[in-house]
Amino acid sequence: GDSVTQMEGPVTLSEEAFLTINCTYTATGYPSLFWYVQYPGEGLQLLLKATKADDKGSNKGFEATYRKETTSFHLEKGSVQVSDSAVYFCALSALNQGGKLIFGQGTELSVKP
Amino acid sequence: GAVVSQHPSWVICKSGTSVKIECRSLDFQATTMFWYRQFPKQSLMLMATSNEGSKATYEQGVEKDKFLINHASLTLSTLTVTSAHPEDSSFYICSAPTGGTYNSPLHFGNGTRLTVT
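Top line first, the protein sequences correspond to chains A and B. Using the working numbering, the first residue of the first sequence is number 1, and each one after it goes up by one. Using the working numbering, the first residue of the second sequence is number 114, and each one after it goes up by one.
Chain A with its partners taken away, still in its complex shape:
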């Protein structure tokens, strides 16, 4: 079945460091891909999305490009801030799944001043 695999955390970075969180997926057909973020004590929020190959989603300085050839959707940010500390979830949604999301295991990011 469809699945999403993320790099394991926790990831600890210093402020202004470059961030990459790897995400790869397995799916039949052409899923839509999402990154969600969960700040401490809060629910999940959509960070960005891409709906077809080569699309780039971006928001709040974060970017991810839908790479069909490598079945990847890696999350990147050029300069992280302390306020970016959160858990990041990669997810996919496929047409034959009725809109439900399949999540990766989440990657905890901790940014130190």
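The set of hints was computed from the structure by calculation and includes no laboratory data. In this text, all values refer to a predicted model and were calculated from it rather than measured experimentally. Every residue gets a Cβ at the ideal spot worked out from N, C-alpha and C, and that includes glycine. Just so you know, not all the hints are guaranteed correct.
[As the list claims (entries may be wrong)] Derived Cβ-Cβ restraints for the label pairs, each shown as a range:
| id | chain 1 | residue 1 | chain 2 | residue 2 | range |
| --- | --- | --- | --- | --- | --- |
| 1 | A | Ser14 | B | His198 | 40 to 50 Å |
| 2 | B | Gly166 | A | Asp2 | 26 to 36 Å |
| 3 | B | Met158 | A | Glu69 | 23 to 33 Å |
| 4 | A | Gln45 | B | Glu165 | 17 to 27 Å |
| 5 | B | Ser196 | A | Lys52 | 37 to 47 Å |
| 6 | A | Ser79 | B | Gly166 | 41 to 51 Å |
| 7 | B | Ser122 | A | Glu8 | 27 to 37 Å |
| 8 | B | Glu200 | A | Gln45 | 27 to 37 Å |
| 9 | B | Val116 | A | Gly61 | 23 to 33 Å |
| 10 | A | Val82 | B | Lys177 | 39 to 49 Å |
| 11 | A | Ser14 | B | Glu176 | 40 to 50 Å |
| 12 | B | Glu176 | A | Ser83 | 38 to 48 Å |
Following the hints, put chain B in place on chain A, whose structure we already have.
Quick look at chain B alone, frame taken from chain A:
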């Protein structure tokens, strides 16, 4: 933006009792609601999909008699954990798509932390 209100945010109950969790879509009609469960340091696992006016669809391995889901209106879905036991302690999250397509983002409630003693 679209808001999903989930209540309560936390609840402690005794083993054997039932707990009801409510999710309301505040500014849109949620014909579908997804219910997830999240264990500490783990991902969200889909439990069931509820559709307004029809029976919920449960994922494999989820006990439908234990986790009762009702979606009686376009703005309210409820999850009732019946005869709760300590192993049911978890973080429960509801979510609903605001669009009609499979690539519509989901809007999540803030979750309910259930502790069964």
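To see whether the hints hold, each was checked on the structure:
1. A/Ser14 x B/His198: 40 to 50 Å: 44 Å, holds
2. B/Gly166 x A/Asp2: 26 to 36 Å: This hint holds: roughly 28 Å between Cβ atoms.
3. B/Met158 x A/Glu69: 23 to 33 Å: Given range 23 to 33 Å: holds, Cβ gap about 30 Å.
4. A/Gln45 x B/Glu165: 17 to 27 Å: 24 Å, holds
5. B/Ser196 x A/Lys52: 37 to 47 Å: Check passed, 46 Å falls within 37 to 47 Å.
6. A/Ser79 x B/Gly166: 41 to 51 Å: 49 Å, holds
7. B/Ser122 x A/Glu8: 27 to 37 Å: Since B/Ser122 and A/Glu8 have Cβ atoms about 29 Å apart, the given range 27 to 37 Å holds.
8. B/Glu200 x A/Gln45: 27 to 37 Å: Between B/Glu200 and A/Gln45, where Cβ atoms are some 29 Å apart, the hint holds.
9. B/Val116 x A/Gly61: 23 to 33 Å: 25 Å, holds
10. A/Val82 x B/Lys177: 39 to 49 Å: 44 Å, holds
11. A/Ser14 x B/Glu176: 40 to 50 Å: Holds - the Cβ-Cβ distance for A/Ser14 and B/Glu176, about 46 Å, lies within 40 to 50 Å.
12. B/Glu176 x A/Ser83: 38 to 48 Å: The hinted range 38 to 48 Å holds for B/Glu176 and A/Ser83, with Cβ atoms some 40 Å apart.
Checked against the numbered hints given earlier, the structure satisfies every one of them.
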